[in-house]
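A.B. asks: Below are the chains, spelled out letter by letter.
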Amino acid sequence: MTESRKKAAARILLFSALLLFSYILQGLILNRHPIFGAKPLILPFIAVGAAVFFGRVKGGVVGIAAGFLMDLAYNQPTIMFTLTLAFIGLMVGYLVETVLVKGLFAYAVSALAALLICFAVEAVGYLIAGGASASAVLGVGLRQTAASALFAIPVYYIVLGISKLV
Amino acid sequence: MKDLISKKGIIVAAVAIVIALIAAVTMAVSGGNADFGRVISEPVFKPLRSAMNGLVGTLEDIYGYIYRYDTVVAENAQLKERIAELERDSRDYTEIVEENDRLRSLLGFAMRDFDTLPYEMKDVTIISWTASNFSSSFTINRGASSGIEVGDSVITAEGYLVGVVTEVGSTSSTVVSIIDTTMSVGAILSGTDETGIVEGDFNLFKESRLKLDYIDNAANVFIGDSVLTSGRGGNSPAGLIIGTVESIREDSTGHGSFAVVKPAADLSSVSNLYVITDIKAG
Numbered sequence: 001m002t003e004s005r006k007k008a009a010a011r012i013l014l015f016s017a018l019l020l021f022s023y024i025l026q027g028l029i030l031n032r033h034p035i036f037g038a039k040p041l042i043l044p045f046i047a048v049g050a051a052v053f054f055g056r057v058k059g060g061v062v063g064i065a066a067g068f069l070m071d072l073a074y075n076q077p078t079i080m081f082t083l084t085l086a087f088i089g090l091m092v093g094y095l096v097e098t099v100l101v102k103g104l105f106a107y108a109v110s111a112l113a114a115l116l117i118c119f120a121v122e123a124v125g126y127l128i129a130g131g132a133s134a135s136a137v138l139g140v141g142l143r144q145t146a147a148s149a150l151f152a153i154p155v156y157y158i159v160l161g162i163s164k165l166v
Numbered sequence: 001m002k003d004l005i006s007k008k009g010i011i012v013a014a015v016a017i018v019i020a021l022i023a024a025v026t027m028a029v030s031g032g033n034a035d036f037g038r039v040i041s042e043p044v045f046k047p048l049r050s051a052m053n054g055l056v057g058t059l060e061d062i063y064g065y066i067y068r069y070d071t072v073v074a075e076n077a078q079l080k081e082r083i084a085e086l087e088r089d090s091r092d093y094t095e096i097v098e099e100n101d102r103l104r105s106l107l108g109f110a111m112r113d114f115d116t117l118p119y120e121m122k123d124v125t126i127i128s129w130t131a132s133n134f135s136s137s138f139t140i141n142r143g144a145s146s147g148i149e150v151g152d153s154v155i156t157a158e159g160y161l162v163g164v165v166t167e168v169g170s171t172s173s174t175v176v177s178i179i180d181t182t183m184s185v186g187a188i189l190s191g192t193d194e195t196g197i198v199e200g201d202f203n204l205f206k207e208s209r210l211k212l213d214y215i216d217n218a219a220n221v222f223i224g225d226s227v228l229t230s231g232r233g234g235n236s237p238a239g240l241i242i243g244t245v246e247s248i249r250e251d252s253t254g255h256g257s258f259a260v261v262k263p264a265a266d267l268s269s270v271s272n273l274y275v276i277t278d279i280k281a282g
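From first to last, the protein sequence lines stand for chains A and B. Position 67, counted from 1, in the first sequence is what our numbering calls 67; the numbers after and before it change by one each time, with no gaps. Position 129, counted from 1, in the second sequence is what our numbering calls 129; the numbers after and before it change by one each time, with no gaps.
Worth flagging that the hints you see were computed from the coordinates, not collected in a lab. Computed from a predicted model, the values in this text were never measured in an experiment. Treat each hint with caution, since some may be false.
Unchecked claim - Footprint (simulated), chain A over chain B, 3 or more residues, beta carbon under 8 angstroms:
1) 16–30
2) 130–140
3) 143–152
4) 199–211
5) 260–267
To be verified - List of simulated lysine-lysine pairs, BS3-like, C-alpha gap at most 30 angstroms:
6) B:262 with A:7
7) B:122 with B:262
8) B:8 with A:6
9) B:8 with A:102
Said to hold, decoys possible - Pulled a few chain B residues facing chain A out of the computed Cβ check, cut under 10 angstroms:
10) 11
11) 166
12) 181
13) 248
14) 250
15) 252
16) 254
Quick reminder that beta carbons are idealized off the backbone N, C-alpha and C, glycines included.
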């Protein structure tokens, strides 16, 4: 096995472990123990981190896997977040390759954007068809974003560590 | 922009779209059965969910034992008082049982005595709750192989309605709880026989409450009234206990009103449930 293949295999293994751990944390533990009254999102940060450190293609691939797991955690068909996180991975990777400088700032801005996109994707249906008031939906969104933000920096350093290892 | 639509980028986007399309098509074709994502992940994720559910439950028990000792002692004292009260009440036991049986037969259900229930049921366990902040659903450990179908009602041992099965895999199913905004079930108020529709409402969602709307005559609705399923609108059989009227509120137009219903089932603590799979013949 060549050195580059070994690195690719190690990368896949490490990201698979990170995705699985995040799925367990987000979908099976913190869904029962909300923070600030909200269940946090963690999986989108992995797609963003992969895109920032490994580019748009790997960001997109990790985005598909993260989105698939997020749809499973949400008890819904593998459509909404599979598409959304793949799109986020591709876009963040593209922006880091063209406009943003790879690093914490690019990650933080992209992570916040990812959280807001995930919120918007989910909330729009409730606002349009569900008859929910904007204040109620925004309140949930704010709590969700605040709870999720706690996990942004730990995920950043884990993905940074992976990028240095492989 | 030219860089964005590189060959590999297009392939990744195409893969994501194909996965979503297959999921949508399999959902549409199977008529409510689990999409392909659930089907391919079920063998791995169902044991994982069950194991994590058990582990988290055990850790919660340990935490409770260590950090809530004082609470447990106080609860123990309360329970001793309660036992003394119950012993006093036991004098009336026979009379209450007879009255209870009579009332239950009048209502057409007898929830505490499963053998006399007019339903075929399967006992199920919740293996995971949704991670969404916008919806309320959970996964149970039985699916099509146990005879569970989309639309089946899920109840507690006390006969309280908890939710309705919305998606069925071979060995697990998704249940949308009664407070979810997609839920809607025909309801009847015990005593007044007023009918209406109980539905999930996003503005009441965080309070774990339901909305009783479209009532024939709102003036006949009183706080404390029991709300039961009417058997109309949806697959839920008549007579299941939904909850009690907690308050009456004006709607957003200011011209009408609706009742806020507190669910009888405590959704934060339910674990072992029953799925009504059929109505017994005769």
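A.B. asks: Hints first: check each against the structure and report whether it holds.
C.D. replies: Going through the hints against the structure:
Given as covered by chain A, the segment 16–30 of chain B passes the check, having 7 residues with a CB less than 8 angstroms from a CB of that chain where 3 are the minimum. Chain A is given as covering the segment 130–140 of chain B, and this holds because 9 residues of the stretch bring a CB closer than 8 angstroms to a CB of that chain, at least three being needed. Counting residues of the segment 143–152 of chain B whose C-beta sits closer than 8 angstroms to any C-beta of chain A gives 0, which falls short of three, so the coverage hint is violated. With 5 residues carrying a beta carbon less than 8 angstroms from a beta carbon of chain A, the segment 199–211 of chain B meets the three-residue requirement, and the given coverage holds.
With 0 residues having a Cβ less than 8 angstroms from any Cβ of chain A, the segment 260–267 of chain B misses the three-residue criterion, and the hint is violated. Annotation: proposed proximity of residue 262 (chain B) to residue 7 (chain A) is violated, straight-line Cα distance about 56 angstroms (limit 30 angstroms). As the CA atoms of residue 122 (chain B) and residue 262 (chain B) are separated by approximately 26 angstroms, the hinted pair is consistent with the 30 angstroms bound. A C-alpha spacing of about 21 angstroms is found between residue 8 (chain B) and residue 6 (chain A), which places the hinted pair at or below 30 angstroms, so the restraint holds.
The straight-line distance between the Cα atoms of residue 8 (chain B) and residue 102 (chain A) is roughly 21 angstroms, inside the 30 angstroms bound, and the hint therefore holds. Below 10 angstroms, beta-carbon pairs count as interface contacts, and residue 11 (chain B) has one with chain A at about 8 angstroms; its hint therefore holds. With 10 angstroms as the threshold, the beta carbon of residue 166 (chain B) comes within range of chain A, its nearest partner Cβ sitting at about 9 angstroms, so the hint holds. Interface hint status for residue 181 (chain B): upheld, as the beta-carbon distance to the closest one in chain A is roughly 5 angstroms, under 10 angstroms.
The interface hint given for residue 248 (chain B) is violated, since its Cβ lies 19 angstroms from the closest Cβ of chain A, which is over the 10 angstroms cut-off. Checking residue 250 (chain B) against chain A by beta carbon gives a least distance of about 14 angstroms; that is not within 10 angstroms, so the hint is violated. The restraint placing residue 252 (chain B) at the interface with chain A holds, with a minimum CB-CB distance near 8 angstroms, inside the 10 angstroms limit. With a cut of 10 angstroms, the hint placing residue 254 (chain B) at the interface with chain A is violated, because the nearest CB-to-CB distance is about 15 angstroms.
Violated hints, listed in ascending order, are 3, 5, 6, 13, 14, 16; each of the other numbered hints is respected by the structure.
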